[in-house]
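Take a look at the letters that make up each chain.
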Amino acid sequence: MPRLRPWLEERLPLSDLIQTLRRKTVPHHRYSLWYYFGGTTLFLFGIQVGTGALLLLYYRPSAAEAYESVQFIVTRVPFGWLVRSIHAWAANLMVASAFAHLFSVLFLHAYRRPRELTWVSGVILLLLTLAFGFTGYLLPWNEVSFFATRVGTDIAATVPLIGHGLVRFMRGGNDVTGATLTRLFGFHVAILPALATALVALHLLLVQRHGMSVPPSVERRAAENGQTIRAIPFLPHFLLRDLFAWTAVLALLAGLSTFYPWELGAKADPFAAAPAGIRPEWYFLWAFETLKHVPATIAGVSGELIAVGAMGLGALAALGLPFLARDTPRARRVVLWAGLGALGFMGAMTGLALAGGMP
Amino acid sequence: MICGRARTMAVLCVALVLVASHVHAQTAGDAARAEFRDDVHAAAGLTCPACHTDGGYAARPRTAIAPLCATCHSDAAFMRRFDPQVRVDQFLQYQTSTHGRRMASGETRVATCTDCHGAHGVRRVRDPRSPVAPLNVAATCGRCHADASRMRAFGREPAPPHDWSASVHAAALLKRGDTSAPTCVACHGSHGATPPGVTSVANVCAQCHLREAELFRASPKKDIFDAIGQAECLVCHGNHRIEAPGDAWVGVEAGAVCEQCHDGTGDSGTIIRRMRTQLDELSGAASAADAVLTRAEHAGMLVDDGRLALRDAREQQVQSRVLVHAFAAEPFSTAATRGLTSVRSARDAGEAALRELQVRRRGLAVATLLILAFLVTLGMKIRRLPPSA
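As given, the protein sequences belong to chains R and E, one line each in that order. The first sequence: position 207 = 207 (the working numbering), numbered continuously. To convert a position in the second sequence, counted from 1, into the working numbering, add 359.
By construction, these hints were calculated from the structure, which means they are not laboratory data. Keep in mind that this is a model prediction, so the values were computed, not measured. Even for Gly, the Cβ is constructed at its ideal location relative to N, Cα and C. Among the hints, a few may not be true.
Not everything, but these chain R residues come out facing chain E in the computed CB check (under 10 Å) [claimed, not checked]: (1) Val74; (2) Ala251; (3) Pro261.
All chains, please: the whole structure from these sequences, using the hints.
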């Protein structure tokens with residue numbers, strides 16, 4: 001061990017790296033807690049990669065074998081139940097953490113110049129996280145996931161001109177079949193991870209380059225009081241706090257996986273009627289509920305098309321936010337209220353959907 | 360003067376009667392025409408004179424109705440034009456039925472074709488609106504056979520339709536919509552309706568309960584029942600009010616079916632008691648295993664192997680109940696033992712899952728303690744860090 005450090009030092013710039021991290025500082029103020037959601041999302045992404053790789057050792061992506069292979073994993077493979085449950089729970093926590101990160105960045109106005117690209121890469125990463133959830137949902141090939149995927153992919157058909165082509169592309173045919181499973185599996189384990197890894201690297205590089213943003217209200221208060229904003233060294237202060245959050249999330253994951261193991265349900269039967277109460281994962285519920293309440297036609301145009309169009313415009317507006325909103329107190333107030341409105345709408349719709357599904 | 364007034368009154372009365380009868384005839388005729396529009400015969404292109412051959416529209420004598428229908432329905436060459444596979448033996452069967460024989464002897468209160476099928480609104484049997492469709496036929500028979508005053512004239516009880524309504528067969532047909540469940544005609548026949556005799560009742564039940572009938576015929580009970588003139592299945596199960604059988608039927612104590620003939624002494628008593636013990640043991644063990652598996656499932660464990668074993672046990676339980684009809688210790692005992700073995704496998708799988716759950720929870724408790732210890736250490740380390748810049 002004493003000889004290992006010099007050996008490594010000779011070959012890797014370890015000391016330089018450690019010195020850089022010690023010199024790097026992170027602002028420390030009343031809203032610092034929200035900084036940790038980015039790290040938590042990254043930690044959960046790492047867990048997804050690890051548990052996903054373990055599941056790949058036994059999972060077989062075909063309509064004939066997918067369900068049985070997952071059943072084998074959770075009943076026969078040592079700790080298979082734990083790995084699958086952690087994968088499923090971590091996916092949900094990752095979506096929740098990514099949303100919390102996005103809205104905290106929005107409300108703290110951290111998207112402002114020069115962090116426009118950090119914001120854009122973050123929004124794309126959130127969309128990729130949702131795509132991970134959508135593509136992974138079908139993989140156990142159970143009844144609920146099969147019909148939810150059928151309903152979910154149907155929504156794409158409302159997009160004018162390319163809608164039907166889009167549905168065929170997602171399904172690998174006219175209906176959800178084994179071809180859809182194989183296709184979504186390919187997206188889930190190859191295309192999306194490759195894109196996500198590249199974007200995470202870019203996102204981290206940009207965060208490293210520009211540092212953590214300080215909210216305008218904190219900057220203003222410090223200026224008014226003639227104080228400088230406190231900062232803590234990244235190593236060890238911030239990293240240890242990050243580690244604390246990760247460990248707490250790990251404990252939560254272990255508890256959820258043990259006391260509420262993710263259900264497998266019944267195997268999908270494409271020829272059976274859709275069971276009652278089919279609905280998507282909780283993070284798509286707001287969109288699902290919105291489509292349920294939209295009238296069939298609005299001024300002669302399909303209501304579903306208008307709703308899907310509005311959601312698409314909302315996503316585009318979120319993506320281009322740093323370029324649309326100027327850095328003025330008035331614009332920041334507009335962004336704050338728009339964000340609160342969007343969050344309130346999504347929360348209300350999710351609540352309605354959950355209340356509607358109760359017996 | 361008085362004579363003239365009386366004459367006028369008489370003319371008026373006659374006129375009123377004529378008008379009233381004309382109105383009635385018109386109303387009855389309209390109703391018949393309206394009904395006939397939806398009649399299977401109208402759909403086949405037949406018109407009123409096809410049946411009203413004499414040109415009159417007065418009601419035909421009841422004894423003449425079946426022969427009239429038979430002019431077409433017993434003519435294979437004629438009926439083939441409408442349906443190549445249609446049966447043409449209805450009238451022949453009717454003549455052998457209790458209804459037909461009594462009608463031939465001049466008793467016109469018994470059923471004839473139009474009583475069950477209707478006169479002008481006849482529909483195919485498979486049409487759910489037909490009075491003889493599977494779901495309606497019991498009510499149609501019940502119109503007469505549940506009528507106490509009508510049945511009293513023939514010295515019959517009006518109970519069978521009510522009894523059938525309380526049977527497992529009625530529940531299957533009317534509650535579950537299982538149209539394969541037997542109704543009156545399945546056992547008595549339709550056109551040839553007659554009560555099955557003592558010797559043929561087992562054949563009637565065997566149309567569906569084939570395995571039970573085979574076992575019974577091969578059992579020593581068959582010869583005994585034949586010798587004492589007992590109607591096989593009916594002795595234990597009854598006829599119209601056939602209730603769901605239970606394990607408690609097997610036994611020599613009061614309330615059990617076997618107790619009607621067996622007093623519990625001798626080999627038969629021993630075998631009956633052993634059968635009952637095994638049936639109870641299997642039923643109790645299956646319920647207990649089901650409870651263990653359910654507990655494991657509610658705790659989030661997958662116990663498919665256990666469920667498979669329990670399904671096998673349930674099948675063996677059904678087999679054992681069927682094998683009671685062999686009235687012998689074997690092969691009943693083999694099936695019951697096999698069922699108990701499967702139940703044990705199911706229970707073992709459930710208990711193994713619950714043990715595994717405990718191991719998981721203990722593992723989580725240890726892991727949580729370690730994680731908490733790490734968190735506390737981290738927290739202390741963070742507090743001891745030098746103040747920020």
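Which numbered hints turn out to be false for this structure? none
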